[in-house]
Amino acid sequence: MTILNKYKTIHAGLYLRLRLLRKSFHQFWKRHILSCVGNYIREIKSEISSSSLGSTPAIILTSFTCARDLLIISKLFQDKNLTVIVPRDLTKDKAFNFFTAVNQVLYYDGKSMFHMLRSIIATLRDFNRAIIISPEATQRFASHIIIDPIIVVRIAMTANVPIIPIVLHWRNSKNLFGQMKRTCDVWIGKKNYISPKNDDFKDVFFKRRGERKFKRLNREELIEIGQRVFSKIVQAKI
Numbered sequence: 000m001t002i003l004n005k006y007k008t009i010h011a012g013l014y015l016r017l018r019l020l021r022k023s024f025h026q027f028w029k030r031h032i033l034s035c036v037g038n039y040i041r042e043i044k045s046e047i048s049s050s051s052l053g054s055t056p057a058i059i060l061t062s063f064t065c066a067r068d069l070l071i072i073s074k075l076f077q078d079k080n081l082t083v084i085v086p087r088d089l090t091k092d093k094a095f096n097f098f099t100a101v102n103q104v105l106y107y108d109g110k111s112m113f114h115m116l117r118s119i120i121a122t123l124r125d126f127n128r129a130i131i132i133s134p135e136a137t138q139r140f141a142s143h144i145i146i147d148p149i150i151v152v153r154i155a156m157t158a159n160v161p162i163i164p165i166v167l168h169w170r171n172s173k174n175l176f177g178q179m180k181r182t183c184d185v186w187i188g189k190k191n192y193i194s195p196k197n198d199d200f201k202d203v204f205f206k207r208r209g210e211r212k213f214k215r216l217n218r219e220e221l222i223e224i225g226q227r228v229f230s231k232i233v234q235a236k237i
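Numbering (numbering that gives the first Met the number 0), first residue to last: 0 to 237.
Hints in this document: simulated from the structure, not taken from any laboratory.
From the three backbone atoms N, C-alpha and C, an ideal C-beta is built for every residue, glycine too.
Worth double-checking, as some hints may not be accurate.
What the hints assert, rightly or not - Quick list of in silico lysine-lysine cross-link-like pairs, DSBU-like style, CA-CA up to 30 Å:
1) K190 with K201
2) K44 with K189
3) K79 with K206
4) K44 with K173
5) K196 with K91
6) K206 with K190
7) K91 with K79
8) K91 with K74
9) K180 with K79
10) K44 with K74
11) K180 with K74
12) K190 with K79
13) K201 with K44
14) K93 with K74
15) K93 with K44
16) K74 with K190
17) K93 with K79
18) K74 with K189
As the list claims (entries may be wrong) - The following label-pair restraints were derived from C-beta to C-beta distances:
19) H114 with L175: 47 to 55 Å
20) R227 with R87: 27 to 35 Å
21) S50 with M112: 34 to 42 Å
Put together the whole structure using the sequences plus the hints.
Laid out in structure tokens, this is it:
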């Protein structure tokens, strides 16, 4: 073995060790953050089992309005890498930095919608990640951006992923020592595949007799499906 080959072997070995060390540190840091976040969850009501919650990529349609809510969602999907879409000029706080330390962020500048849609579909289909979408957070932090239910439905159909509605409700409660503490109640809806096999949307797909081109739903039918999915968040908050 020449000196050059020996040097390359040593360099490759060191690089591999550094990658493993970085991965181990990242996993340790993620477990530490999420273990702290778990103390804030008071109750979870779920229509699906915890084992199947993060088993597939999905669109998480949620009511979150702050970075603290993102950490709660990260705890629910602790075995899954998540992706959130935020404006590029968003002011980041400490909780948001904690979220980005264990998850991924897609920054949107409000210009190239086509490029953003391609990134979302690639994240779902190619990278096997879940995308977090919140109409409330968008209205609060990026009012110039409108989340169209039709676009969400089309993305779910194109990537062949379910839409999972999640509602978070914060409340003041007392701990064992009588001290006030902020806790969070979580409601998780069932996985909604935009498919004629789903009983919730079967009537929409078969509305036009004899037509079975399910991927060519017209605008009115897409709006109807989108309203049904988005209404699950509103109903759970009541």
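Each hint tested on the structure:
1. K190 with K201: holds (15 Å)
2. K44 with K189: holds (11 Å)
3. K79 with K206: Violated, at roughly 37 Å.
4. K44 with K173: holds (21 Å)
5. K196 with K91: violated (41 Å)
6. K206 with K190: holds (23 Å)
7. K91 with K79: Roughly 23 Å between the alpha carbons, so the hint for K91 and K79 holds.
8. K91 with K74: holds (20 Å)
9. K180 with K79: holds (28 Å)
10. K44 with K74: holds (15 Å)
11. K180 with K74: The given pair, whose Cα atoms are some 19 Å apart, holds under the 30 Å limit.
12. K190 with K79: At roughly 16 Å apart (the allowed maximum being 30 Å), K79 and K190 satisfy the hint.
13. K201 with K44: holds (26 Å)
14. K93 with K74: holds (17 Å)
15. K93 with K44: Within the cut-off at roughly 28 Å; holds.
16. K74 with K190: holds (18 Å)
17. K93 with K79: With a Cα-Cα distance of about 22 Å, the restraint between K93 and K79 holds, given a limit of 30 Å.
18. K74 with K189: Between K74 and K189 the Cα gap is close to 18 Å, so the pair holds against 30 Å.
19. H114 with L175: 47 to 55 Å: holds (51 Å)
20. R227 with R87: 27 to 35 Å: The hinted range 27 to 35 Å holds for R227 and R87, with Cβ atoms some 32 Å apart.
21. S50 with M112: 34 to 42 Å: Since the Cβ atoms of S50 and M112 sit about 36 Å apart, the hinted range of 34 to 42 Å holds.
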